[in-house]
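Colleague: Residues per chain are reported as follows:
Protein chains: 2
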Amino acid sequence: MPPSSPSVPARAHRRRARPVGRGAPGPAGAHDRRVTAYSLLSHLECSREGTPHDADVVQGTSPVGAPLLARYDLDRVAAAVTPADIAGRPPTLWRYHEVLPVRDPARVVSLGEGMTPMVDLPRHGARLGVPALRMKDEGLVPTGSFKARGAAVGVSRAVELGVAGIAMPTNGNAGAAWAAYAARAGIGALVAMPVDAPQITRRGCAVTGAELYLVDGLIGDAGALVKAAVGERPGWQDTSTLREPYRIEGKKTMGYEIVEQLGWRAPDVILYPTGGGVGIIGIHKALREMRELGWLRGELPRLVAVQATGCAPIVDAFAAGLAESTPPADPRTVAFGITVPKALGDFLVLDAVRATGGTAIAVTDEELLAAQSALARDEGAWVCPEGAACFAAVGRLRESGWLAGDEEVVVLNTGAGLLYPDTVPVDAPVLPRP
Amino acid sequence: MPPSSPSVPARAHRRRARPVGRGAPGPAGAHDRRVTAYSLLSHLECSREGTPHDADVVQGTSPVGAPLLARYDLDRVAAAVTPADIAGRPPTLWRYHEVLPVRDPARVVSLGEGMTPMVDLPRHGARLGVPALRMKDEGLVPTGSFKARGAAVGVSRAVELGVAGIAMPTNGNAGAAWAAYAARAGIGALVAMPVDAPQITRRGCAVTGAELYLVDGLIGDAGALVKAAVGERPGWQDTSTLREPYRIEGKKTMGYEIVEQLGWRAPDVILYPTGGGVGIIGIHKALREMRELGWLRGELPRLVAVQATGCAPIVDAFAAGLAESTPPADPRTVAFGITVPKALGDFLVLDAVRATGGTAIAVTDEELLAAQSALARDEGAWVCPEGAACFAAVGRLRESGWLAGDEEVVVLNTGAGLLYPDTVPVDAPVLPRP
Chain A
1 MPPSSPSVPA RAHRRRARPV GRGAPGPAGA HDRRVTAYSL LSHLECSREG TPHDADVVQG
61 TSPVGAPLLA RYDLDRVAAA VTPADIAGRP PTLWRYHEVL PVRDPARVVS LGEGMTPMVD
121 LPRHGARLGV PALRMKDEGL VPTGSFKARG AAVGVSRAVE LGVAGIAMPT NGNAGAAWAA
181 YAARAGIGAL VAMPVDAPQI TRRGCAVTGA ELYLVDGLIG DAGALVKAAV GERPGWQDTS
241 TLREPYRIEG KKTMGYEIVE QLGWRAPDVI LYPTGGGVGI IGIHKALREM RELGWLRGEL
301 PRLVAVQATG CAPIVDAFAA GLAESTPPAD PRTVAFGITV PKALGDFLVL DAVRATGGTA
361 IAVTDEELLA AQSALARDEG AWVCPEGAAC FAAVGRLRES GWLAGDEEVV VLNTGAGLLY
421 PDTVPVDAPV LPRP
Chain B
1 MPPSSPSVPA RAHRRRARPV GRGAPGPAGA HDRRVTAYSL LSHLECSREG TPHDADVVQG
61 TSPVGAPLLA RYDLDRVAAA VTPADIAGRP PTLWRYHEVL PVRDPARVVS LGEGMTPMVD
121 LPRHGARLGV PALRMKDEGL VPTGSFKARG AAVGVSRAVE LGVAGIAMPT NGNAGAAWAA
181 YAARAGIGAL VAMPVDAPQI TRRGCAVTGA ELYLVDGLIG DAGALVKAAV GERPGWQDTS
241 TLREPYRIEG KKTMGYEIVE QLGWRAPDVI LYPTGGGVGI IGIHKALREM RELGWLRGEL
301 PRLVAVQATG CAPIVDAFAA GLAESTPPAD PRTVAFGITV PKALGDFLVL DAVRATGGTA
361 IAVTDEELLA AQSALARDEG AWVCPEGAAC FAAVGRLRES GWLAGDEEVV VLNTGAGLLY
421 PDTVPVDAPV LPRP
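Protein chains in written order, with full-length UniProt numbering: chain A, 1 to 434; chain B, 1 to 434.
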């Protein structure tokens, strides 16, 4: 009998590859039927102007400098695959391959990422007044953070399009993830991160052999360095947040998984810690795709962008009714991953929040560290400070009445607490040898 | 349609619970049909003398001080469930619940553990001369190490039997795991670890509210402290390695998963980093259970116990043809998790190795650190030093001819590299703000 679970190939799903699609084959295009069927990617679209762009060459942003969004032939997807088919596939994010951009399964670069647990949190939910509280635990992926999703899909597609190396600025976790998948794919990686980024993430870059630079500044400063480096390296791609089209496709699988894991329905509210915002943009994109596919019915969940008060440009813009954000003067929070003063996709984050009737909220470092501790004591889960910010936000939104007590709430914990050991104080006695 | 993947309840699989079992119901025993069907645990058996013991009260070791092994009514398991049934269950270790000891699904304490990726490693395999090399990546579980399996099953069963708190010595990772699951279950936890244990693991214990003690000594010294503490706490259980019967049941699921993920067949060789040895004992137990169930045919894989030269009592005993091990004088290795000078189950480890035609091999710290680096550069996977020891051992066994080039080899990586950041040197320039 066939394996029901993943034996993850490095660069090839060859042994699993089979003719996909149960409906009539689509029209023959630039790709043969087998290859086309694995992905039903159609084109790229400018997120500001809606103009179409070729998806089969290396692309950065659109001509007006906006992120490009991948579009699929969703009618053919709906004809080719059903939720019941997906249920029988291995538990990785590649189970949604028709709505992912990699055309040739042999180009998939995987370390087993995706299908992370959805964990009920009844004790902590009761404490917060929201008994139907759940956590999507993105600590359980390669490199320990949700960044692995974007890296797996982004690197796979880059390799498929002939990219020789990737270069990026990062607040730490994305760099470690992209470095890992670049090594897995056998391409080069250059990573630049603030010197204040979590120490473990530089180890994660170094161990895979990435070219690593520490910058005495913030992620934007690291970005300037990357831009210069890429200009000098033919065949290399700048994979800064939303400056290439496919990281978001990896991140959107969190949305597919949430809906699948709840039995192909959505919760009332999803909270997401927002730095660059790719995850919330991706989840919003996934929800709309699933509705168009007929896999999800009814209202979309309200999406909540959570930031830290030390760096809350999205929250400020939301409160002011603005379509874009303004960088704060002195951005600073223990939740380092969301120290992003100006996100290229800020307008897409604000749209996701507003279009779903969601909100944006900031919590203090004290609040998020207290939430981290309370959750771990209640449920045994050690989350990263960014994830903890969302739990603090749940408490605040319940107190204000924005969340009702009978609502079903999903929090994205975007990484393992292990990545930030210094957030946990230890006060243990050292005893002599008995 | 039902969810195909896990929405993990804290303490209850209530919504998933359903009458299990497709064959004729067994004889009514102390438990009603529904409860009995979730687990087909029959009794405990002394691993030295084969004497039966009651599985439905709290037990430690057998009267002769040997580990107790859980036994199941495997005929009824075979009648109740097939591999095809298992394929449709959520991707956690609880998919094997008939051969796990928890009788009531409502007592399952879960954070989504199990069904970790099986990752092909073609580039690193080619480097080592073993192209069919795979890694079972146990870094992708709650708390970041395979210890979560033993903790999930051990704590669940302890709670089911009325235990009020658990206390244990640890080299770090097991303590963090058991502390997490104890918090999840709402019972007490006392953990004692050597002051030299990996720093992150003490954070993992502290964050969940465990009572933590650091000991200026080795794991055996910590064990003496735990023994004294448990004596003073009615209702608490000493959950030291193999001093309670159910940790091994959690660990054995690695064996079930390897076989399921390969399509219900075994590889030629499995390598396992051996400290207390529960994993290799558990995998051996699982393989024999599956053969008895008819889920696995043919020869069992050769099991290889890997240690570090700085602490290699099992390797020494194997080489000397002895049935038990002698503690080394000054145990010391960077692979701290396998710094176990005297394992209670040493005779079971040696039996697993010998009965399967396996071997035991030690590698130096230099070799295992080089293997960690080479694997990360080849495949993007940052493994813990214990897992790295196994990759070093693959190279050595291939060189010696013990491994043939066409053999299929599975390495257990028992934890995330994140847990041991200091094993990776970083030499990155710090650049001024552009």
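Any given hint could turn out to be false.
Since the list gives no way to pick out one identical chain from another, each pair is judged satisfied if it fits inside one copy or across any two copies.
As the list claims (entries may be wrong) - In silico SDA-like links for lysine to any residue, alpha-carbon gap of 20 Å or less:
1) K342 with D268
2) K227 with W402
3) K342 with P434
4) K227 with E324
5) K342 with E289
6) K342 with G188
7) K227 with R396
8) K342 with R265
9) K342 with P425
10) K342 with G217
11) K342 with R433
12) K227 with V430
13) K227 with P429
14) K342 with R377
15) K342 with A428
16) K342 with V77
17) K227 with R288
Source of the hints: derived by calculation from the structure; they are not laboratory data.
Colleague: Work down the list of hints and note, for each, if the structure agrees.
Modeller: Consistency of the hints with the structure:
Taking CA atoms no more than 20 Å apart as the test, K342 paired with D268 passes in neither setting, with 29 Å inside one copy and 53 Å between copies. Taking the shortest Cα distances, K227 and W402 never come within 20 Å of each other, neither inside one copy (42 Å) nor across copies (50 Å). For a Cα distance limit of 20 Å, the shortest separation of K342 from P434 across copies, 17 Å, qualifies, whereas the shortest one inside one copy, 56 Å, does not. In the homo-oligomer, the alpha carbons of K227 and E324 never lie at most 20 Å apart, since the shortest distance is 23 Å inside one protomer and 61 Å across protomers.
For the identical chains of this complex, K342 and E289 are neighbours neither inside a copy (27 Å) nor across copies (57 Å), given an alpha-carbon limit of 20 Å. For a Cα distance limit of 20 Å, the shortest separation of K342 from G188 qualifies neither inside one copy, at 27 Å, nor across copies, at 45 Å. Taking CA atoms no more than 20 Å apart as the test, K227 paired with R396 passes in neither setting, with 40 Å inside one copy and 44 Å between copies. Neither within a single protomer nor between protomers do K342 and R265 lie at most 20 Å apart by alpha-carbon distance, with minima of 33 Å and 52 Å respectively.
Proximity of K342 and P425 under a CA criterion of 20 Å is satisfied in neither setting, with 31 Å inside one chain copy and 32 Å between copies. When the C-alpha separation of K342 and G217 is checked against a cutoff of 20 Å, the pair qualifies only within one copy, where the shortest distance is 14 Å, while the shortest distance between copies is 50 Å. In the homo-oligomer, the alpha carbons of K342 and R433 lie at most 20 Å apart only across protomers (17 Å), although the nearest pairing inside one protomer, at 53 Å, exceeds that limit. Only between protomers do K227 and V430 lie at most 20 Å apart by alpha-carbon distance; the minimum there is 17 Å, versus 49 Å within a single protomer.
In this assembly of identical chains, the alpha carbons of K227 and P429 lie at most 20 Å apart only when taken from different copies (18 Å versus 49 Å within one copy). For the homomeric pair K342 and R377, neither the shortest alpha-carbon distance inside one copy (35 Å) nor that between copies (33 Å) is at most 20 Å. Taking CA atoms no more than 20 Å apart as the test, K342 paired with A428 passes in neither setting, with 41 Å inside one copy and 26 Å between copies. Proximity of K342 to V77 under the C-alpha cut-off of 20 Å is found in neither arrangement, the shortest distances being 35 Å within a copy and 58 Å between copies.
For a Cα distance limit of 20 Å, the shortest separation of K227 from R288 qualifies neither inside one copy, at 33 Å, nor across copies, at 57 Å.
Taken one by one, the earlier hints fail for this structure at numbers 1, 2, 4, 5, 6, 7, 8, 9, 14, 15, 16, 17, listed in ascending order.
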